[in-house]
Amino acid sequence: MTEEWKSGHFRAASNDRFNKAFRPGVPGLKPLYFLARLRGAEAPLFHRVARAFAIATLGAMIYGIGVVSHAQVTFERLVNAAKEPQNWLTYSGDYSGKRFSKLDQINLGNVHSLVARWVYQTAATGKLETTPLVVDGIMYATAQDDRAFALDARTGRPIWMYQRQIPADIRPCCGRVNRGLAILGDKVFLGTLDAHVIALDAKTGAVVWDVTAADYRTGHSFTVAPLAVNNLIVIGISGGEYGVRGFIDAYDADTGKRKWRFYTVPGPGEPGHETWEGDSWKVGGAPAWNTGTYDPATNQIFWPTGNPSPSNRGEGRAGDNLYSNSLLAINADTGKLNWYFQFTRHDEHDWDATQVPVIIDASGKKLIAQANRNGFFYLLDRETGKLISATAYGKQTWSDTRDAEGRPIANKNASPTLEGHTVCPGALGTTNFMSPTYDPVTEWFYVTARDQCDTFSTAPQPYEAGHAFYGSAYFPSEEAEPYFGFLKAIDPATGEVKEKFQHTSPTWSGVLSTAGGLVFSGDAEGNFIAFQDKTLRPLWHFQMGGAVYAAPMAFAVDGKEYVAIAAGSAIYAFGLP
Amino acid sequence: MGNRCYFALVVAMFLGTAAYTAAQNDNPLAGDAKAAKAGEYEFRINCALCHGLGARGGGRGPDLTRAVKKHTHSDAEMFQVISNGIPGTAMPANGTNGQGVGMTDEEIWQIITYIRSQEVRAPSTPLGVAAHGKDLFFGDANCSLCHMVEGKGGRFGPELTGVGASRTREAIVDSVRNPSRQLAWGLTEATKEFPQEYESVTVVTADGKEIKGATLNEDSFSVQIMDTNEKIHLLDKSTLRSFHKSRQSAMPKYDADMLSDKDLEDIVAFLVSVGAK
Chain B
48 MTEEWKSGHF
58 RAASNDRFNK
68 AFRPGVPGLK
78 PLYFLARLRG
88 AEAPLFHRVA
98 RAFAIATLGA
108 MIYGIGVVSH
118 AQVTFERLVN
128 AAKEPQNWLT
138 YSGDYSGKRF
148 SKLDQINLGN
158 VHSLVARWVY
168 QTAATGKLET
178 TPLVVDGIMY
188 ATAQDDRAFA
198 LDARTGRPIW
208 MYQRQIPADI
218 RPCCGRVNRG
228 LAILGDKVFL
238 GTLDAHVIAL
248 DAKTGAVVWD
258 VTAADYRTGH
268 SFTVAPLAVN
278 NLIVIGISGG
288 EYGVRGFIDA
298 YDADTGKRKW
308 RFYTVPGPGE
318 PGHETWEGDS
328 WKVGGAPAWN
338 TGTYDPATNQ
348 IFWPTGNPSP
358 SNRGEGRAGD
368 NLYSNSLLAI
378 NADTGKLNWY
388 FQFTRHDEHD
398 WDATQVPVII
408 DASGKKLIAQ
418 ANRNGFFYLL
428 DRETGKLISA
438 TAYGKQTWSD
448 TRDAEGRPIA
458 NKNASPTLEG
468 HTVCPGALGT
478 TNFMSPTYDP
488 VTEWFYVTAR
498 DQCDTFSTAP
508 QPYEAGHAFY
518 GSAYFPSEEA
528 EPYFGFLKAI
538 DPATGEVKEK
548 FQHTSPTWSG
558 VLSTAGGLVF
568 SGDAEGNFIA
578 FQDKTLRPLW
588 HFQMGGAVYA
598 APMAFAVDGK
608 EYVAIAAGSA
618 IYAFGLP
Chain F
103 MGNRCYFALV
113 VAMFLGTAAY
123 TAAQNDNPLA
133 GDAKAAKAGE
143 YEFRINCALC
153 HGLGARGGGR
163 GPDLTRAVKK
173 HTHSDAEMFQ
183 VISNGIPGTA
193 MPANGTNGQG
203 VGMTDEEIWQ
213 IITYIRSQEV
223 RAPSTPLGVA
233 AHGKDLFFGD
243 ANCSLCHMVE
253 GKGGRFGPEL
263 TGVGASRTRE
273 AIVDSVRNPS
283 RQLAWGLTEA
293 TKEFPQEYES
303 VTVVTADGKE
313 IKGATLNEDS
323 FSVQIMDTNE
333 KIHLLDKSTL
343 RSFHKSRQSA
353 MPKYDADMLS
363 DKDLEDIVAF
373 LVSVGAK
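Here the protein sequences line up with chains B and F, keeping their order. If you use this note's numbering, the first sequence corresponds to residues 48 to 624, in order. If you use this note's numbering, the second sequence corresponds to residues 103 to 379, in order.
Bound conformation, chain F alone (with noise of 0.2 angstroms):
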């Protein structure tokens, strides 16, 4: 089925329409701009809150607005997502995220039509060189000393195999050259309103002993913190000497003298190459 859609999807693509011909799982309204219109509404009602206004991302859910998408491709498997959430992540079964109430199908297709309207297909190029991207990655730029992809690296940040899939290229070029404006969520539970950010912290222990890190975890009595050397330290906050977070992020800035605009792209593509797997 998926396969199916997907090669429909292709073929709608170079049709230049978005009318997909598969099965009666389509969308119905597709392409339908009065539809899209409504579906814009409902997505800032139903939507906007993680995916940002206009589906762009909104530092919780991804972007909308990639034609690629990370956990769907046919109107009919973002038909699913919608409806039923997906289970792991943060987004929602249909109706029950205590934000919003239920949407009818057609207002799901709605929402469906209003985010194909708003894609932005890759250029045909890409802007850099993903093959030296991944050279860099993992050895000069020194994003691997902290970040995951595709099980190599570090700990310490955000596991980026996924990112180029679910973040613009501007998200990610913002996030390198000023990392604290937004800061990245890390911790999901289920039981919180919204994951925990990746807030730096440092504690010095009743022994004065200083710990450096990002917070794992948190509440009013205890904090888990992962150190720079991937230590996990254990504290009951009664028991520190002092307790200090940060919005400024661990992860340094990296401006045009440290990482240049050429080698930003390199990275930024091979994040997409891998994101595309």
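Bound conformation, chain B alone (with noise of 0.2 angstroms):
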């Protein structure tokens, strides 16, 4: 952390510019200058509101800027968001978590002519995680260490900063990151390392309220974007490295209040306790740590759930550790489960199923998919839970059978061992926290993958609170040939792979699809690139000097489309010259 931001809420670089930009001498404007001189407390309402509007008329007239309109971020916006195109205002672009955008300016006529048009250097270091959210021209992200921020979305200068103190002993088992925020009224909401969370102004980065949820020590944090559902912002925590107790919570957005909590590792007297070998759901793990979707018509919300902790030692935890490894469908008002699907049970390989869950409406049935990290690709109902496919999309040697209701069951000899025992997919998963995207048009499902394997060896642990508690380790496999990563496009109805692209290396790269017949991601190597929707060919690529870590997202201002992501420490915007 640099001392420039260790002052918290920092506004010099926007009022630096203010100040720069009123200030006469500058040609061009002068005139503003004067109407700004004009601005008074005791001048007349009428002739205040007058000037404000020659101000912003005249700026806009002057400067081709936008007149953009503030008007609140409504519950309603967000469940109406695919209908505003222009911008992008949950983590995965609206709540059914497709990731798509409408948007079709940039398309496959012209995506060779896409050209930087900037870049925003958070100059932070380590990995930049974050989806923007773009609301009416500012675009709201965040970066390394819990910094928050606005920016002009057509130019990316900033508006306002916001840089939480973090204390020095805080427990991140994977890098200090954060993958962005809320949006809500005129609040933006931030989960933050030390498991706090905060609202901060949308207009000025000032905290609003700032609550705990969590005590850091015990190795509890925050990495995910919440998810803003009516009045609420929900939260789900992370630390199945550390043997927390997992939970999603819900918090009043006005107050900040917590109005709910659900364990995602059910206490005594709890249905599913009985998982639980003795005290083991005490440090069961079960986090929460990436952003779940939300279904307006049934006012439920679909969160995913992480590994049982200690993540690759099974000793100790017997039984199926409910609901780690789980999609959990819950009652938006009361956080109460309506029901739950456990992808992988007793888990020994640390396969969080956090991976975004893809609400599909697809032949007149409720859908509910994902790609998950245990190496199948799972369809379920989403009115009732129950599965209707899983099909591998990777390479997976775990699982040769399906239990009655046909979900695959771990073969008997895929734990880990002492001397070591190889299993695929790795430990990474054959994808990770990074979001897929469900393009309705080609009605492909498209997500990163990479077939990699893994010796697993245990490393017994005792539980000590705030350390790490793994009870094993893994490797690459040292008779493993070069692994790579890829880009899949699978159709969701039969789970088949349809088309693929193998990067040079794994990428941790997110996808975008747009109405433009385009792909979007990144790669390891620092490209990012435009992919053709139906065959996965490359059309496009720029070299942003920075791996991706971070998914793409597509915003328009002024009626001019960009497609933005995170790489490096830096945040690029693309569009057309």
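The hints are simulated quantities; they were obtained by calculation from the structure and are not laboratory data. Cβ coordinates follow ideal geometry from the N, Cα and C atoms, glycine included. Take these hints with a grain of salt, some might be off.
Derived DMTMM-like pairs (lysine to aspartate or glutamate); straight-line CA-CA distance at most 20 angstroms [as the list claims (entries may be wrong)]:
{"hint": "1", "chain 1": "F", "residue 1": "Lys139", "chain 2": "B", "residue 2": "Glu466"}
{"hint": "2", "chain 1": "F", "residue 1": "Lys139", "chain 2": "B", "residue 2": "Glu511"}
{"hint": "3", "chain 1": "B", "residue 1": "Lys412", "chain 2": "B", "residue 2": "Glu452"}
{"hint": "4", "chain 1": "B", "residue 1": "Lys383", "chain 2": "B", "residue 2": "Glu317"}
{"hint": "5", "chain 1": "F", "residue 1": "Lys379", "chain 2": "F", "residue 2": "Glu261"}
{"hint": "6", "chain 1": "F", "residue 1": "Lys355", "chain 2": "F", "residue 2": "Glu261"}
{"hint": "7", "chain 1": "F", "residue 1": "Lys379", "chain 2": "F", "residue 2": "Asp363"}
{"hint": "8", "chain 1": "B", "residue 1": "Lys547", "chain 2": "F", "residue 2": "Asp321"}
{"hint": "9", "chain 1": "F", "residue 1": "Lys355", "chain 2": "F", "residue 2": "Glu252"}
{"hint": "10", "chain 1": "F", "residue 1": "Lys347", "chain 2": "B", "residue 2": "Asp498"}
{"hint": "11", "chain 1": "F", "residue 1": "Lys379", "chain 2": "F", "residue 2": "Glu179"}
{"hint": "12", "chain 1": "F", "residue 1": "Lys136", "chain 2": "B", "residue 2": "Glu511"}
{"hint": "13", "chain 1": "B", "residue 1": "Lys306", "chain 2": "B", "residue 2": "Asp367"}
{"hint": "14", "chain 1": "B", "residue 1": "Lys383", "chain 2": "B", "residue 2": "Asp299"}
{"hint": "15", "chain 1": "F", "residue 1": "Lys236", "chain 2": "F", "residue 2": "Asp363"}
Only part of the chain F face toward chain B is listed, based on derived beta-carbon distances under 7 angstroms [what the hints assert, rightly or not]:
{"hint": "16", "residue": "Ala150"}
{"hint": "17", "residue": "Leu318"}
{"hint": "18", "residue": "Ser322"}
Dock chain one against chain two, each of which comes alone in its own frame, and use the hints as you go.
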């Protein structure tokens, strides 16, 4: 962390810019300066309004600035997010989790001419996993170490900056990362590495409220982008590497008061508690560190959960270990569980099921799909949680059989051993947290995948609060061929992989599809790539100079479409020349 | 500080005990068998990904069973390296590598205790004759056509000045006898998960020219190749007639007819003597 940002809420950049812009002598700015001088509290209200309007209009005329509507982001707008494709209102673009943009200005015919329009350097180090939001011309995003900022989405120029003061002894398992914000009303919402949930004023970045969800010293943290539903901010905890007892929380967006908590590991007397041996439930993990989706028709949140703890050692926690590695359907108002589906029972390979569950309506069926870290693509009935199909979409050796419902179950010899036992996929999974996309035009599900096997070796570890709690270690298999990454297109109806593109090495980039016939993704070598949606042939690429750990999104300002993605420690926006 | 600790280490070795005597930075758990066992599990979780299950090097990270290490001598220095990483290398600071979580001070000392328990003392007399090994390296064995040691030699293969300090004798012998078994790691790029291997590559350009070499770097659209004459070729994959990568090392397989066991031991002794500097 640089000294510059240590003072928390930071507005100097925007203030400087304001002052410069209104200083006389800057060519072309005198009219604005003149009008600015007329601002004054003593002036009659009518005059003040008229002047403000004149400033805005004149500014728009002279500088081509769009007249930005600062209408509040209501729940209704979030429900109908797909109807305003110029904005990107939630982590996955809309509640369905499709990460699909209806914008088609950038399309198969002109994508070859795409250029970088601006780059915003966060100057932070580590992995940048954020998906920006865009609302009416303003981009809101996050960087490492819980930095949040607002940018002019046309130029990348900062409007405000917030830097969280993080204690020195936080426990981030896998980087000091953050995946983004939620927006509702005139506030944006951030989960922090020290397990706080905070609301920031969307216009200034000032803290409106700040609540503690859990004790970071016992391994709790937030890395997830929250989801705003109705008047609640829904968020899931991280800490499966530290033996936390996982939960999903909902906070009142106005006050920060916690309205409900759903423990993903049931306590004594609750259904599912019997799936844990002895006291193992107390440190059972099942974190909820990736953003779920929401079905307004049934007022249900679909939130995925992560591995049981310790992640790679099943000894001591005999049983299915509910609700680890599951998809949970939760009533948004009450936090009560409607149904669950567990993808990997009694997991011993760190296969968190925290991939975005995508809501799909097809042939009159209400479906929800997930490309799981364990190597299978699952299609469920989202009204009942019943499995429709599970199909391997990458290399897997852990499951040769199915249970009565058709769910893949682990082979007896798939468990880690002291000497090491090789299983595919490896601990990083066939996919991981990177967002998939569902394109309603091609009706294909696109996901970043890798074929890698690992040797899993046990390493018994006692639980100690706030300390790593894995129980085993894993390594790339020594005999293994070099492993690759892919972009795969799956037909959800059959689970069949229809097309694939092989990356030079595995990538952590998410995927975006657009109505322009395009699919966008990034690679570990720093390229941002546009693919033809039906062939996955690369049509265009740009070298961004840093590996991609984030997912792309699309927006439009002043009638111009942009596609944006974080890479290295910067955010890039691309558009037509 | 370094010298004092090194002196302490030598004294400790003479006394046949792992208890070091310098300052409070010394390992409080030194020689504790229980701590070494706990350290073994911590090592598996946090270190073995690169340094191998038994700390004997895993292709990416150096062999840590050598009594003389590349970057550290004392326990205190080892503690610093584990805590802060080694800038410019793939060795990350504690808790930042995205694979493991942070270790406590106690856990780091446990790991150091474990590593010390695994150390293999170098034999009192080297197996080979370093001076003869040097002659061979820069002469008849042709190693220096492709490999550089202390600024002398070729650029086509991995630079070997430090290899004697970071690899076991067995690993060096094996990579001469079976160079394709485990390809050496080349470019270290912070943005990639792992450095790239020294893969052999053969391309045919649009005008029919064949180029053979090793990949310096590569992405989906371009490749940077060094040919055997050390010429660097910058190529767009889309313009190539063919592009073929192979895990067959460009290094010839030195069998006992090409290089006797004795001569190979001399070359190893030379590399170890350079690495120890």
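Status of the hints after comparison with the structure:
1. Restraint check for F/Lys139 and B/Glu466: satisfied, since their Cα atoms lie roughly 15 angstroms apart, inside the 20 angstroms limit.
2. The straight-line distance between the Cα atoms of F/Lys139 and B/Glu511 is roughly 17 angstroms, inside the 20 angstroms bound, and the hint therefore holds.
3. A hinted pair counts as satisfied when its Cα atoms are at most 20 angstroms apart, and B/Lys412 with B/Glu452 qualifies at roughly 19 angstroms.
4. The hinted pair formed by B/Lys383 and B/Glu317 meets the criterion: a straight-line CA distance of about 12 angstroms does not exceed 20 angstroms.
5. With a C-alpha separation of about 16 angstroms, the suggested pair F/Lys379 and F/Glu261 falls inside the 20 angstroms cut-off, and the hint holds.
6. As the CA atoms of F/Lys355 and F/Glu261 are separated by approximately 18 angstroms, the hinted pair is consistent with the 20 angstroms bound.
7. Of the pairs offered as hints, the one joining F/Lys379 and F/Asp363 is violated, with about 25 angstroms between alpha carbons and a cut-off of 20 angstroms exceeded.
8. A hinted pair counts as satisfied when its Cα atoms are at most 20 angstroms apart, and B/Lys547 with F/Asp321 qualifies at roughly 17 angstroms.
9. At roughly 24 angstroms between alpha-carbon atoms, F/Lys355 and F/Glu252 are farther apart than 20 angstroms, so this suggested pair is violated.
10. Distance hint between F/Lys347 and B/Asp498 is fulfilled; the C-alpha atoms sit about 19 angstroms from each other, no more than 20 angstroms.
11. About 18 angstroms separates the Cα atoms of F/Lys379 and F/Glu179, which keeps this hinted pair within 20 angstroms; it holds.
12. A hinted pair counts as satisfied when its Cα atoms are at most 20 angstroms apart, and F/Lys136 with B/Glu511 qualifies at roughly 17 angstroms.
13. For the given pair, B/Lys306 sits about 29 angstroms from B/Asp367 by alpha-carbon distance, which is inconsistent with the 20 angstroms threshold.
14. Distance check on the hinted pair: B/Lys383 and B/Asp299 sit about 17 angstroms apart at the alpha-carbon level, within 20 angstroms; holds.
15. For the hint linking F/Lys236 to F/Asp363, the alpha-carbon distance of about 15 angstroms falls within 20 angstroms, and the restraint holds.
16. Annotation: interface hint on F/Ala150 holds; nearest CB of chain B at approximately 6 angstroms, less than 7 angstroms.
17. Here the hint on F/Leu318 is broken, as its CB sits about 13 angstroms from the closest CB of chain B, past 7 angstroms.
18. The restraint placing F/Ser322 at the interface with chain B holds, with a minimum CB-CB distance near 5 angstroms, inside the 7 angstroms limit.
Comparing the model with each earlier hint shows violations of hints 7, 9, 13, 17; every other hint is respected.
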